[in-house]
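Participant: Protein sequence lines correspond, in order, to chains A and F. Per the working numbering, the first sequence starts with residue 1, numbered consecutively. Per the working numbering, the second sequence starts with residue 159, numbered consecutively.
Honestly, the hints are just simulated from the structure, not real lab data. Note that the structure is a prediction, hence the values are computed from the model and not measured. Do not take every clue at face value.
Cut-off 30 Å, straight-line C-alpha distance, at most; resulting in silico cross-link-like pairs (DSS-like, lysine-lysine) [as the list claims (entries may be wrong)]:
1. A/Lys21 with F/Lys601
2. A/Lys99 with F/Lys585
3. F/Lys505 with A/Lys21
4. F/Lys618 with F/Lys630
5. F/Lys618 with A/Lys99
6. A/Lys21 with F/Lys455
7. F/Lys585 with F/Lys505
8. F/Lys505 with F/Lys413
The calculated label-pair distances, taken between Cβ atoms and stated as ranges, are [unchecked claim]:
9. F/Glu664 with A/Pro45: 54 to 64 Å
10. A/Glu149 with F/Asp582: 46 to 56 Å
11. F/Arg606 with A/Asp148: 33 to 43 Å
Examples of chain A residues lying across from chain F (beta carbon under 10 Å, computed) [claimed, not checked]:
12. Trp6
13. Tyr38
14. Pro119
15. Gly124
16. Gly140
Built from N, CA and C at the ideal position, the CB exists for glycine as well.
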Amino acid sequence: MTEQQWDRESVRAIIAGLQDKPGALLPILHGIQDALGYVPPDSVPLIAEGLNLSRAEVHGVISFYHYFRQTPPGRHTIHLCRAESCKSMGADALETHVKTRLGIDYHETTPDQAFSLEPVYCLGNCACSPSIMVDHDVHGRITPERFDEIIANPGVGA
Amino acid sequence: MTATVYIPRDSSALSLGAERVANALQAEAARRNIAIDVVRNGSRGMYWLEPLVEVATPNGRVAYGPVNVGDVAALFDAGFLQGHPHPLCQGPTDEIPYLKQQERLTFARVGITDPVSLDDYLAHEGYRGLRRALDMAPAAIVDEVAQSGLRGRGGAAFPTGIKWRTVLNTPAGQKYIVCNADEGDSGTFSDRMIMEGDPFVLIEGMTIAGLAVGATQGYIYLRVEYPHAHRALNEAIQAAYQAGYLGRDILGSGKDFDLEVRLGAGAYVCGEETSLLESLEGKRGLVRFKPPLPAIKGLFGQPTIINNVISLASVPIILDKGGDYYRDFGMGRSRGTLPIQLAGNLKHPGLVEKAFGVTLREILYDYGGGSATGRPIRAVQVGGPLGAYLPESQFDTPLDYEAFAALWAVLGHGGVVAFDDSVDMSKMARYGMEFCAVESCGKCTPCRIGSTRGVEVIDKVTHGVERDKNLKLLRDLCDTMLNGSLCALGGMTPYPVLSALNHFPEDFGASATEKAA
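Make the full structure from the sequences, and use the hints.
Facilitator: This is how it looks when you write it as structure tokens:
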């Protein structure tokens, strides 16, 4: 069913536009995920063909990197920092709150497709711990109350 | 006269609402029919004062912070555009003690200039290092860097000049300059601040490195977690190309250097230099065996300089003011300055650039202001997730590579994360192992399997299952990881684990016999 959900021609265009770069595979995977929100498993043969790699090699790269995903994300992706600086300022309690509030664990998406939750190991916002990133916006000094406010209006930005 | 107002575009400032404050200032100025010129600068690094708004006055910049949207109208009422008093007024920015006592060489322009304005960069001594390097022989540039005593700001602290000399002396048709901008250590953010706050200094440093060894292509391998840095770097690179500071025939010198940003994809191990090179080549980031060194056989099999952001960003001032100028800061074999990052449970977290030799205690209390929670600081992790935890008895250690090594600790990238007395150090040790298990590239057995077993063994210890026997097993396992891993990920995970156990045995429920051992 995923076959119909993404546009093969736009993926072909991304591959064609980047395949001559040295070390083109990561730029291509970023291009596809930027366009579609994920790298569809059935796009792997197209990528493999474009770069003259085996499908196993392409799959191996996609699955190695935490950032690439092979299923469509929810409308908003929440990255919660699990690293030491955030832990020193209460990230473990925040994590419990977030999982309870959303009713999902890491790498899952809420049933209404609103939110996906991913762990992240450092957003570089350690002087404002604990931190989360919602889509492309980093938010610092997050309390459970602040988290609830942010997800009530996730498009507004930091 | 149009007043100039500065509000950072730094992502930590943005994470605290700087964008909303900038919009509110514009709107309030328009409502009052006042013309203001808003400059989006980098951050001064005083994050407890962000969003920090500065106003240019005849007597220098005056700082107000932390400014929230609700404060904006009152600031106008108080006459902040003329630098008048207000409860949020911090006085002249340069006189704030946190900033005034620093020794900013690499960060000289961060927070001051518009990061993507080439004119502003040039007006603040930018590109003077490159102009000098263009008149020098490659070996003379390398000598200048060697003379400065600059050491890599990664874990190994390898002398930069020696690395560059190896690349210079290795003949090849193509050489590369690779910037390791995959700063994934918790508690570090100085790379991000440079790339967001003064991207030209990194571009200039890489261009000089290219001239020094005859490399014509550079790559910045950037963490995907840093979207604002990505944008700032690309804007600056484009401006540098347009003005002839990058590309063909740089400033009419006949020398070429191209530069491109490549994004990583959330793999911590790609901060290890050989994993990074694999990733740049489009592969899984598996660590490579060394030798051969990347300086001899690096990216695409060619001689490659691979340095961290701060190392490369320190090169322009070394070329501008001379290796001796830089070397005269610091102590022992740790020369120059270290951008120290204060994070975690501190009242005044932020960026402090000081000559090597300042003590951890001065950093934690004189600058950091003690813990944010007001409780005693119990443990401090220095040097990222693979760095040791230091107890209060070691806070008088000077920040110096050798002094830290003598304590079986690392200075690494200069990240300092403070914990108050509510921390459970057995949990932090377990997290160290868990992090290694999640992030291991899987190539070598001690790291791949040792980290998973490490989590299990710590769980047994904390659940009181054959505690003494399992503590012995944990030490044995750490020994195997230390000595048998291919890279620093597996090889240094024992630092946080064993330091937690050695300094805080009570958190592991260790018996008196274990403490004595």
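Participant: Check whether the Cα positions of F/Lys585 and F/Lys505 lie no farther apart than 30 Å.
Facilitator: holds, 24 Å
Participant: A/Lys99 and F/Lys585: Cα distance at most 30 Å?
Facilitator: With a Cα-Cα distance of about 20 Å, the restraint between A/Lys99 and F/Lys585 holds, given a limit of 30 Å.
Participant: Does the nearest C-beta of chain F fall within a distance shorter than 10 Å of the C-beta of A/Pro119?
Facilitator: It holds, given that the least Cβ distance between A/Pro119 and chain F is near 8 Å, below 10 Å.
Participant: For the hint on A/Gly124, just tell me whether its beta-carbon gets within less than 10 Å of chain F.
Facilitator: holds, 4 Å
Participant: Within 33 to 43 Å or not, the Cβ separation of F/Arg606 and A/Asp148?
Facilitator: Hint holds: Cβ distance 39 Å, inside 33 to 43 Å.
Participant: Check the hint pairing F/Lys618 with A/Lys99 against an upper bound of 30 Å on the C-alpha distance.
Facilitator: Holds, because 26 Å separates the two Cα atoms, which is no more than 30 Å.
Participant: Tell me if the straight-line CA distance from F/Lys505 to F/Lys413 falls inside 30 Å.
Facilitator: Violated, at roughly 49 Å.
Participant: Can the restraint linking A/Lys21 and F/Lys455 be considered satisfied, given a maximum Cα separation of 30 Å?
Facilitator: holds, 20 Å
Participant: Identify whether the interface hint at A/Tyr38 stands, where standing means a beta carbon of chain F within less than 10 Å of its own.
Facilitator: It is violated, given that the least Cβ distance between A/Tyr38 and chain F is near 13 Å, above 10 Å.
Participant: Going straight from one Cα to the other, do A/Lys21 and F/Lys601 come out at no more than 30 Å?
Facilitator: Roughly 27 Å between the alpha carbons, so the hint for A/Lys21 and F/Lys601 holds.
Participant: Can you verify the interface hint for A/Gly140: is its Cβ closer than 10 Å to any Cβ in chain F?
Facilitator: This hint holds: A/Gly140 lies near chain F, its Cβ roughly 4 Å from the closest one there, short of 10 Å.
Participant: Is F/Lys505 within 30 Å of A/Lys21, Cα to Cα?
Facilitator: The given pair, whose Cα atoms are some 47 Å apart, is violated under the 30 Å limit.
The structure fails hints 3, 8, 10, 12 and 13 (numbered hints given earlier, in ascending order).
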